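Visitor: Sequence:
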Amino acid sequence: MMPPEDKKHCSQTLPPDVLSNLPEYVIDSILMCLPFKDAVRTSVLSNNWRYKWCGLPELTLDEAVWTTKKNLFFHTAEITKIISHILIFHAGAITKFILCVPKSRSCHMIDDLIYFLSKNGIQHFVLELPFRDDPHKLPSSFFKCLQLRHLTLQKCLVIPPPAFKGFDRLIRLELCEVTISSELLGSLISHCLLLEHLVLHIADSYSKVIEINAPRLRSFYFAGSIRSILIKSAPLLEKLLLADNETGYFGAEKWDIVKFFESFSALEHLCVNMLFAAEVGEMPTRLPFDLSCVKQLYITVDLYDSAEVSCALCLIRSFPCIQYMEIQEACCNDSVADHRVELPSDVTFNHLKEVKLIFTSGSIIEMQLAKLLLVKSPALVRMLIESCRAKGTATVKKLVDELTTFQGASPEAEVVFIKR
1 MMPPEDKKHC SQTLPPDVLS NLPEYVIDSI LMCLPFKDAV RTSVLSNNWR YKWCGLPELT
61 LDEAVWTTKK NLFFHTAEIT KIISHILIFH AGAITKFILC VPKSRSCHMI DDLIYFLSKN
121 GIQHFVLELP FRDDPHKLPS SFFKCLQLRH LTLQKCLVIP PPAFKGFDRL IRLELCEVTI
181 SSELLGSLIS HCLLLEHLVL HIADSYSKVI EINAPRLRSF YFAGSIRSIL IKSAPLLEKL
241 LLADNETGYF GAEKWDIVKF FESFSALEHL CVNMLFAAEV GEMPTRLPFD LSCVKQLYIT
301 VDLYDSAEVS CALCLIRSFP CIQYMEIQEA CCNDSVADHR VELPSDVTFN HLKEVKLIFT
361 SGSIIEMQLA KLLLVKSPAL VRMLIESCRA KGTATVKKLV DELTTFQGAS PEAEVVFIKR
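Position one of the sequence shown corresponds to residue 1 (full-length UniProt numbering), numbered consecutively onward.
Think of the hints as simulated: they come from the structure by calculation, not from any bench.
Among these hints, one or two may not hold up.
Unchecked claim - The list that follows gives simulated cross-link-like pairs (lysine-lysine, PhoX-like), each with its CA atoms no further than 20 Å apart:
{"no.": "1", "residue 1": "K137", "residue 2": "K103"}
{"no.": "2", "residue 1": "K239", "residue 2": "K356"}
{"no.": "3", "residue 1": "K96", "residue 2": "K144"}
{"no.": "4", "residue 1": "K165", "residue 2": "K119"}
{"no.": "5", "residue 1": "K254", "residue 2": "K232"}
{"no.": "6", "residue 1": "K397", "residue 2": "K371"}
{"no.": "7", "residue 1": "K52", "residue 2": "K96"}
{"no.": "8", "residue 1": "K295", "residue 2": "K376"}
{"no.": "9", "residue 1": "K419", "residue 2": "K356"}
{"no.": "10", "residue 1": "K295", "residue 2": "K353"}
{"no.": "11", "residue 1": "K165", "residue 2": "K144"}
{"no.": "12", "residue 1": "K155", "residue 2": "K103"}
{"no.": "13", "residue 1": "K232", "residue 2": "K208"}
{"no.": "14", "residue 1": "K419", "residue 2": "K398"}
{"no.": "15", "residue 1": "K371", "residue 2": "K353"}
{"no.": "16", "residue 1": "K119", "residue 2": "K96"}
{"no.": "17", "residue 1": "K376", "residue 2": "K356"}
{"no.": "18", "residue 1": "K232", "residue 2": "K259"}
{"no.": "19", "residue 1": "K356", "residue 2": "K398"}
{"no.": "20", "residue 1": "K81", "residue 2": "K103"}
{"no.": "21", "residue 1": "K259", "residue 2": "K239"}
{"no.": "22", "residue 1": "K356", "residue 2": "K371"}
{"no.": "23", "residue 1": "K419", "residue 2": "K397"}
{"no.": "24", "residue 1": "K295", "residue 2": "K239"}
{"no.": "25", "residue 1": "K137", "residue 2": "K165"}
{"no.": "26", "residue 1": "K398", "residue 2": "K371"}
{"no.": "27", "residue 1": "K208", "residue 2": "K259"}
{"no.": "28", "residue 1": "K356", "residue 2": "K397"}
{"no.": "29", "residue 1": "K353", "residue 2": "K376"}
{"no.": "30", "residue 1": "K119", "residue 2": "K144"}
{"no.": "31", "residue 1": "K356", "residue 2": "K295"}
{"no.": "32", "residue 1": "K208", "residue 2": "K254"}
{"no.": "33", "residue 1": "K155", "residue 2": "K137"}
To be verified - Taking CB as the label site, the calculated pair distances span:
{"no.": "34", "residue 1": "A91", "residue 2": "R149", "range": "18 to 24 Å"}
{"no.": "35", "residue 1": "H85", "residue 2": "D256", "range": "52 to 58 Å"}
{"no.": "36", "residue 1": "C271", "residue 2": "D346", "range": "23 to 29 Å"}
{"no.": "37", "residue 1": "H191", "residue 2": "K371", "range": "48 to 54 Å"}
{"no.": "38", "residue 1": "L184", "residue 2": "R149", "range": "19 to 25 Å"}
{"no.": "39", "residue 1": "L184", "residue 2": "P215", "range": "18 to 24 Å"}
{"no.": "40", "residue 1": "Y324", "residue 2": "D38", "range": "39 to 45 Å"}
None of the values given here were measured: they were computed from a predicted structure.
Ideal Cβ placement from N, Cα and C applies to all residues, glycine included.
Model the full structure from these sequences, guided by the hints.
Guide: Have a look at this one:
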């Protein structure tokens, strides 16, 4: 028990209400670190904290807000109520707003919210609506958010007014299952002259190609039909990720792989799923030019599909200065375990230092690939091999054990098994 003297000393040295006497900037910093619902609850701490949340410049309404211990999801009425309170009580600028509406729910105040944000200096806006719903048509006020620098939209219908000239301050754009014509999408991107990062998940089927002109673009993630896009100008593009989501494309043309890659003079990092091989027209042995800028290559390929293997080899041959390569086997069919292919002998990876192979079964063709890379990589330091299936772990481990005694081109190369 504390002596009376110590109690008296504490009461004299501590202010009567520590929380009320915190500097304004400290309170703001604390609130910015809290989830939205916890920030609102701080109103009960003291008079000085009451309604402090109403001046927060950044608000996030996501799963952390909607999910509670009693209810897995809020009802639509409760979501609407929260947004209504923000519109009524919030004062000051809102530079960042994230709204993620949970599945099986809807929000009837999106247009009012967007109008409110357009009047309060919004710079970073995330609007993610449920996939199962029809796309929500964005109101005209959305196109007046001219200070936007970061924009993420999911399941929205975008129809810009004729006078709209684009978001000239936008740096990052992410569109997921957004309904917009190919012409308007190309125009929107081209008018964002400061755009550096672009993410497109295309769910709709297009009959015309989306032409992309982005003079400052540095990274581009695309999921959709490769034939639906044409990167006409992206001189600074460093990182490109291509994923196929089996979206239909109604255009008659096949994918021209040479034309697609000919403008990438700064590309360093390429991640590609070889499902695109099915959309290629004529497959060359290699590109008619080298992309010496590419240093990192990530490939997902079905080693038992000749078209995918040919497409992968075409690209690999065209990247003479590659330093890191990751190849993931896409086929999980155990019935083809004894299948063999004729892998090329005319490739050499003079700069390759590290390889990661993600195998499924430890099959003969997987062994062929690993040995080819060891033989053709004189600068190799390490080869990592991982099993992506529990069923094939033992056979992949056996493959690694055999490779540890295999003599490759690099005396320093080590083969390491990664256990998931």
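Visitor: Next step is simple, just say for each hint if it's right about the structure.
Guide: Hints versus structure:
1. At roughly 18 Å between alpha-carbon atoms, K137 and K103 fall within 20 Å of each other, so this suggested pair holds.
2. Between K239 and K356 the CA atoms are separated by roughly 19 Å; this keeps the pair inside 20 Å, and the hint holds.
3. Taking the CA atoms of K96 and K144, the gap is near 16 Å; set against the 20 Å cutoff, the hint holds.
4. Of the supplied pair hints, the one linking K165 and K119 holds, its CA atoms being roughly 19 Å apart against a limit of 20 Å.
5. Between K254 and K232, the direct Cα distance comes to roughly 17 Å. Compliance with the 20 Å bound is thereby established for this hinted pair.
6. Restraint check: the Cα-Cα separation between K397 and K371 comes to about 15 Å, which is no more than 20 Å; the hinted pair holds.
7. Between K52 and K96, the direct Cα distance comes to roughly 17 Å. Compliance with the 20 Å bound is thereby established for this hinted pair.
8. This hinted pair checks out: K295 and K376 have alpha carbons roughly 17 Å apart, not beyond 20 Å.
9. Our distance criterion of 20 Å between C-alpha atoms is met by K419 and K356, whose separation comes to about 13 Å.
10. Distance restraint check for K295 and K353: the Cα-Cα separation of roughly 10 Å lies within the 20 Å cut-off, and the hinted pair is therefore satisfied.
11. Distance restraint check for K165 and K144: the Cα-Cα separation of roughly 10 Å lies within the 20 Å cut-off, and the hinted pair is therefore satisfied.
12. With a C-alpha separation of about 12 Å, the suggested pairing of K155 with K103 holds against the 20 Å cut-off.
13. A distance of roughly 15 Å separates the Cα atoms of K232 and K208; the hinted pair therefore holds under the 20 Å criterion.
14. Straight-line distance between C-alpha atoms of K419 and K398 comes to about 13 Å, which keeps the hinted pair within the 20 Å bound.
15. Note on K371 and K353: the hinted pairing holds, with a Cα-Cα distance of about 15 Å set against a maximum of 20 Å.
16. A threshold of 20 Å between alpha carbons decides the hint, and for K119 with K96 the separation of about 13 Å falls inside it, so the pair holds.
17. For the given pair, K376 sits about 15 Å from K356 by alpha-carbon distance, which is consistent with the 20 Å threshold.
18. A distance of roughly 9 Å separates the Cα atoms of K232 and K259; the hinted pair therefore holds under the 20 Å criterion.
19. Our distance criterion of 20 Å between C-alpha atoms is met by K356 and K398, whose separation comes to about 17 Å.
20. With a C-alpha separation of about 18 Å, the suggested pairing of K81 with K103 holds against the 20 Å cut-off.
21. For the suggested pair K259 and K239, the alpha carbons sit about 18 Å apart, so the restraint of at most 20 Å is met.
22. Taking the CA atoms of K356 and K371, the gap is near 13 Å; set against the 20 Å cutoff, the hint holds.
23. A hinted pair counts as satisfied when its Cα atoms are at most 20 Å apart, and K419 with K397 qualifies at roughly 9 Å.
24. As the CA atoms of K295 and K239 are separated by approximately 10 Å, the hinted pair is consistent with the 20 Å bound.
25. With a C-alpha separation of about 19 Å, the suggested pairing of K137 with K165 holds against the 20 Å cut-off.
26. Taking the CA atoms of K398 and K371, the gap is about 14 Å. The hint holds against a cut of 20 Å.
27. Between the alpha carbons of K208 and K259 the distance comes to roughly 17 Å, so the proposed pair stays at or under 20 Å and holds.
28. Restraint check for K356 and K397: satisfied, since their Cα atoms lie roughly 14 Å apart, inside the 20 Å limit.
29. A threshold of 20 Å between alpha carbons decides the hint, and for K353 with K376 the separation of about 11 Å falls inside it, so the pair holds.
30. The hinted pair formed by K119 and K144 meets the criterion: a straight-line CA distance of about 9 Å does not exceed 20 Å.
31. Between the alpha carbons of K356 and K295 the distance comes to roughly 14 Å, so the proposed pair stays at or under 20 Å and holds.
32. Between the alpha carbons of K208 and K254 the distance comes to roughly 13 Å, so the proposed pair stays at or under 20 Å and holds.
33. The suggested pairing of K155 with K137 holds, with an alpha-carbon distance near 9 Å, which does not exceed 20 Å.
34. Between A91 and R149 the beta carbons are some 23 Å apart, a value that agrees with the proposed interval 18 to 24 Å.
35. Take H85 and D256: their Cβ atoms lie about 54 Å apart, and the range 52 to 58 Å holds.
36. Look at C271 against D346: about 25 Å separates their beta carbons, and that is inside 23 to 29 Å.
37. Separated by about 51 Å at the C-beta atoms, H191 and K371 satisfy the suggested range of 48 to 54 Å.
38. Take L184 and R149: their Cβ atoms lie about 21 Å apart, and the range 19 to 25 Å holds.
39. A C-beta distance of roughly 20 Å is found between L184 and P215, which places it inside the suggested range of 18 to 24 Å.
40. About 42 Å separates the C-beta atoms of Y324 and D38, a value consistent with the hinted range of 39 to 45 Å.
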